[in-house]
Amino acid sequence: MKFQISDRPIDRDGLRRALQRPDCGALAVFEGWVRDHNEGRAVLRLEYEVYRPLAESEGLRILREAAQRFGIGDATCVHREGLLELGEAAVIVLVAAAHRDAAFRACRYIIDEAKRRLPIWKKEYYADGEAHWVNCRHCAARPAADEAAAC
Amino acid sequence: MKQVTVRLFAAFREAAGFDTLAHATGAETVAELFAELCAAHPGLRAEAAALVAINNCMADWESPVGDGDEVLYFPPVAGG
Chain Z
5 MKFQISDRPI DRDGLRRALQ RPDCGALAVF EGWVRDHNEG RAVLRLEYEV YRPLAESEGL
65 RILREAAQRF GIGDATCVHR EGLLELGEAA VIVLVAAAHR DAAFRACRYI IDEAKRRLPI
125 WKKEYYADGE AHWVNCRHCA ARPAADEAAA C
Chain U
7 MKQVTVRLFA AFREAAGFDT LAHATGAETV AELFAELCAA HPGLRAEAAA LVAINNCMAD
67 WESPVGDGDE VLYFPPVAGG
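As they're listed, the protein sequences go chains Z and U.
With my numbering as the guide, the letters of the first sequence map in order to residues 5 to 155.
With my numbering as the guide, the letters of the second sequence map in order to residues 7 to 86.
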């Protein structure tokens with residue numbers, strides 16, 4: 005299991021090679037790309053701010069949860085920080101498992117939990133010159149009890 | 007009074023105009039401490055989905071503030 009924050013472009017092929025193992029017959033990959041629009045506005049680039057100490061520990065915890073729930077072989081997640089241009093991968097999740105169902109489900113779990121729980125913030129720079137921090141309105145505040153207990 | 011260090015991130019940092027603050031407080035909980043900061047920095051407002059951590063551990067908003075604590079306030083997250 006590997007969770008990383010990276011200030012450089014993500015080497016997807018290297019991550020893929022590192023996950024290959026003889027007991028796994030499936031690899032599910034999710035990439036989140038920088039898109040040229042959001043909620044009707046033209047987007048030029050994104051900036052990610054990351055609080056690394058907690059993002060890294062919580063990211064690893066999400067991967068371990070996925071392993072426990074879905075019985076996968078291995079998983080990797082890398083998230084970028086800093087300024088990103090259109091088309092760059094902001095996040096990538098790779099899951100190797102014996103069969104595809106576990107790989108798909110674990111991959112979905114990891115990206116959903118990462119978006120909801122990691123202390124990462126996104127600023128959008130628009131074509132009209134404005135820039136705003138994006139609020140994830142679908143993300144509920146997390147009940148803190150289980151997280152506090154893990155410290 | 008307790009002496010704490012407050013750290014703000016992203017939108018909270020820009021709204022308040024600081025990222026790290028040494029602060030003396032009588033607040034009992036981290037929620038009360040945040041209300042104190044909002045009163046002192048009018049740009050700063052509570053957000054329903056905001057998160058709080060104490061000394062690098064995620065915490066409850068009713069968690070007590072201790073002398074020497076580092077309290078981190080996270081605006082609603084938006085990774086991915």
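FYI, nobody ran anything at the bench for these hints, they're computed from the structure.
Just to be clear, a hint being listed does not mean it is correct.
Quick look at which bits of chain U chain Z covers, simulated, 3 or more residues with Cβ under 8 Å [as the list claims (entries may be wrong)]: (1) 9–19; (2) 34–42; (3) 70–84.
Derived CB-CB ranges, DEER-like [claimed, not checked]: (4) U:Pro70 <-> Z:Asp11: 53 to 61 Å; (5) U:Trp67 <-> Z:Asp15: 34 to 42 Å; (6) U:Glu53 <-> Z:Leu90: 23 to 31 Å; (7) Z:Ser10 <-> U:Cys63: 44 to 52 Å; (8) Z:Arg112 <-> U:Asn61: 28 to 36 Å; (9) U:Asp73 <-> Z:Asp17: 49 to 57 Å; (10) Z:Glu89 <-> U:Met7: 46 to 54 Å; (11) Z:Asp15 <-> U:Gly74: 54 to 62 Å; (12) U:Cys63 <-> Z:Gln8: 16 to 24 Å; (13) U:Asp25 <-> Z:Gly18: 29 to 37 Å; (14) Z:Ala22 <-> U:Asp25: 48 to 56 Å; (15) U:Gly74 <-> Z:Arg20: 32 to 40 Å; (16) Z:Asn139 <-> U:Thr11: 20 to 28 Å.
Negatives, chain U to chain Z, calculated, CB over 12 Å [as the list claims (entries may be wrong)]: (17) Phe24; (18) Thr31; (19) Ala46; (20) Ala55.
Idealized CB from N, CA, C, for every residue including glycine.
Hints and how they fare:
With a threshold of 8 Å between beta carbons, the proposed coverage of the stretch 9–19 of chain U by chain Z holds, since 3 of its residues qualify and at least three are required. With 0 residues carrying a beta carbon less than 8 Å from a beta carbon of chain Z, the stretch 34–42 of chain U misses the three-residue requirement, and the given coverage is violated. Here's how the stretch 70–84 of chain U fares: 6 of its residues keep a CB closer than 8 Å to some CB of chain Z, so the rule of at least three is met and the hint holds. Taking the beta carbon of each, U:Pro70 and Z:Asp11 are about 36 Å apart, not inside 53 to 61 Å as hinted.
Between U:Trp67 and Z:Asp15, the C-beta spacing of about 40 Å keeps the proposed range 34 to 42 Å intact. Our hint of 23 to 31 Å for U:Glu53 and Z:Leu90 holds, since their Cβ atoms are close to 28 Å apart. As the Cβ distance of Z:Ser10 to U:Cys63 is approximately 25 Å, the hint placing it in 44 to 52 Å is violated. Remark: the range hint 28 to 36 Å for Z:Arg112 to U:Asn61 is upheld by a beta-carbon distance near 33 Å.
Look at U:Asp73 against Z:Asp17: about 51 Å separates their beta carbons, and that is inside 49 to 57 Å. For the pair Z:Glu89 and U:Met7, the beta carbons lie near 48 Å from each other, so the given range of 46 to 54 Å is met. Between Z:Asp15 and U:Gly74 the C-beta distance comes to about 41 Å, which lies outside the given range of 54 to 62 Å. Checked against the given bound of 16 to 24 Å, the beta carbons of U:Cys63 and Z:Gln8, roughly 21 Å apart, stay inside it.
With their beta carbons about 34 Å apart, U:Asp25 and Z:Gly18 fall inside the hinted range of 29 to 37 Å. In this structure the hint that Z:Ala22 and U:Asp25 lie 48 to 56 Å apart at CB is violated, the actual value being about 35 Å. Distance hint check for U:Gly74 and Z:Arg20: the Cβ-Cβ separation is about 46 Å, which falls outside the suggested range of 32 to 40 Å. Roughly 26 Å separates the CB atoms of Z:Asn139 and U:Thr11, a value that falls within the hinted 20 to 28 Å.
For U:Phe24, the requirement that its beta carbon stay farther than 12 Å from each beta carbon of chain Z is met, with the minimum near 15 Å. Distance to chain Z confirms U:Thr31 as a non-interface residue, since its nearest Cβ pair spans about 20 Å, more than 12 Å. In this structure U:Ala46 is separated from chain Z by more than 12 Å, as the shortest Cβ-Cβ distance comes to about 21 Å. The claim that U:Ala55 lies off the interface is violated: its Cβ sits roughly 5 Å from the closest Cβ of chain Z, which falls inside the 12 Å cut-off.
Violated hints, in rising order: 2, 4, 7, 11, 14, 15, 20; the structure is consistent with all others.
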